[in-house]
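Participant: Here the structure of chain A is known, so what remains is to put chain B in place on it, guided by the hints.
Chains as they are written, first to last, in full-length UniProt numbering: chain A, 1 to 336; chain B, 1 to 336.
There could be a bad hint or two in this list.
Copies of the same chain are indistinguishable here, so a pair counts whether it falls within one copy or spans any two.
Calculated pairs, DSSO-like style, for lysine-lysine (alpha carbon to alpha carbon, straight line, at most 27 Å) [said to hold, decoys possible]: (1) 196 <-> 270; (2) 163 <-> 259; (3) 270 <-> 89; (4) 163 <-> 196; (5) 163 <-> 274; (6) 274 <-> 132.
It should be emphasised that the hints constitute simulated quantities derived from the structure, not laboratory data.
There are 2 protein chains.
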Amino acid sequence: MIVGVDIGGANLKFAAVDPKSNNEACHSCFFPMWTDANRLADVLVAELSSFGKIDAFAITMTGEMADCFIDRHLGVQQIAEACRLAATKAGVDRFGFYRSDGRFTRLTESKKETDSVASANWHASATWLASKFSVDHGILVDIGSTTTDLIPINNREVSTPSKTDHDRLCEGALAYVGCGRTPVCSLVSSLLIDGKWCPVMNEVFATIDDALVVLEMTSPDAEDLQSADGQPRTVPFAANRIARMVGLDRSSVSVDVAKQLSEQIVDAAKARIKQSFHAVDQGGTIILGGHGDALFDPPSGRGIIRLTDRFSEPASRCLPALAVAHLFQNNRYALL
Amino acid sequence: MIVGVDIGGANLKFAAVDPKSNNEACHSCFFPMWTDANRLADVLVAELSSFGKIDAFAITMTGEMADCFIDRHLGVQQIAEACRLAATKAGVDRFGFYRSDGRFTRLTESKKETDSVASANWHASATWLASKFSVDHGILVDIGSTTTDLIPINNREVSTPSKTDHDRLCEGALAYVGCGRTPVCSLVSSLLIDGKWCPVMNEVFATIDDALVVLEMTSPDAEDLQSADGQPRTVPFAANRIARMVGLDRSSVSVDVAKQLSEQIVDAAKARIKQSFHAVDQGGTIILGGHGDALFDPPSGRGIIRLTDRFSEPASRCLPALAVAHLFQNNRYALL
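Looking at chain A on its own, in the form it has when it is part of the complex (with noise of 0.2 Å):
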């Protein structure tokens, strides 16, 4: 059994692999890394005891970029620290980090060049879906809680010059926008309403979630109290959130009225990420994923290979976690 995991800023995911039977297990939790980075550790020995037996425990991270760590490189230090106590409490003893040109790292290794362990997980993810789908050119177009990747792919290979999300963020690779988290005093600066413009209040008081939430794009969830306002994520109260973002509320915005609201901030999720899709696109193949993935339209006439076809809805979401676990194997636990 092989175990992936993909150490995020929000969520811990991870992908059991049994090489043999070609078995694969899914699933992620909420892990706010600004505030539970001590528990990391802890959190990763209890998941990893849940899968049994472990031969190999493949590692990819972009929670280091969260802003409980001072900076990047003692994220990936502290991080890589709890991946390897982690590890010995659960008696793995061959375990490697994910680097942005396809190889695993050692600890030590790692924790020297910090860079190239940084934000990874976009390379694992495009480099084997390249090659599991045989994709010779095109686009991975990835749309998580967070964030976009838009990974163009030659030659079955990653095919970008950038290395770090800084980079990618200036060449369009990186979309700072997902179908979860993005607040939407960023994505807008004014809505329409009753025929005026209302500028928005700027203060994380709804997010896209429940603009997706509103326009039934996304599955309410009562029990979920991942919102803004640590209410429900339920029509009623998505509405009260997105107009609590013009200055007003339940009172007097309708669910209707708010839905108008909503189409307007997904439409403007949906022109950053297409204007981050034209920056890096190459022609060929579409590869499109996430959770989030009703945000991109593909151009017509492309190819495209829509990941909620070929996976379940856990590895989907999962994604780099199955990446590095399947690569790891692939590459027979390979370390630099």
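Facilitator: Leaving out everything else, chain B in the frame of chain A:
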């Protein structure tokens, strides 16, 4: 002694006015309504007790918009009830809530007509200042930590048809930009760095306060941890927070580069305030105040009253509290 209070979403501001000696004492304290609403009455009691014998207690609020309240109506009711409790415990018989028509109202009325009591502090400030400085025709520009009030004055009275925050947002009389809490990602969508435009990360990694600290437009404070990452409000830490906005950190962004980024952020804030100013300005004297007054460059050729020249720093910061205390005293505690 009359005590005025401005109950905001993030701060409580107090002003004590002695009508005999005309002595004034002002102070403010951080009070995050969104987490601490249930403590409001206790905090008010403690504060009121510190002022000695109180003849009257004048109240204005904006805190009802905090998203711990499901809507503004219930927010006003809960805050009003906390005020009643505090007044009773502190032995203060006469207390009133300021309304956006310039009058004070009792508890029962304020709990019914919540719209007129909600977010009326701007009206109190403008009304009192127009009278105090005999401004027949002009505009109050009051730049706080979260928002800027831009209130036209005519015939020594507030001259805007807007009553609510929503109306004022649409009109331009409320700009949701301040000198403290405004998230950088709500002000700019990209920053120019090393000759390249880099889209910012849509996270609250930094606020405009960080830009002002880096540019030395506000005083740093190593003891103050009210920042996005909970680290000190000093130039190095603020520069690190600004660097995070473009996916970098202190290891690759010098303070000089952080200054260039900060200038763009401050310019964006100034532009938004200027836009609102031009939307509502009707000429005449400009009354400029608030601890963010550096974010507005008044047009030349206009008479200017700078509140920093007229008030102490604490009084300037607690302006609405001072205003309601004086207005309540001036109308002999008359209640609707």
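Participant: Each hint should be assessed against the structure and marked as holding or not.
Facilitator: Taking the hints in turn, this is what the structure says about them:
no.: 1; hint: 196 <-> 270; in the structure: both (23 Å within a copy, 23 Å between copies)
no.: 2; hint: 163 <-> 259; in the structure: between (39 Å within a copy, 25 Å between copies)
no.: 3; hint: 270 <-> 89; in the structure: neither (44 Å within a copy, 54 Å between copies)
no.: 4; hint: 163 <-> 196; in the structure: between (44 Å within a copy, 16 Å between copies)
no.: 5; hint: 163 <-> 274; in the structure: within (22 Å within a copy, 40 Å between copies)
no.: 6; hint: 274 <-> 132; in the structure: within (26 Å within a copy, 54 Å between copies)
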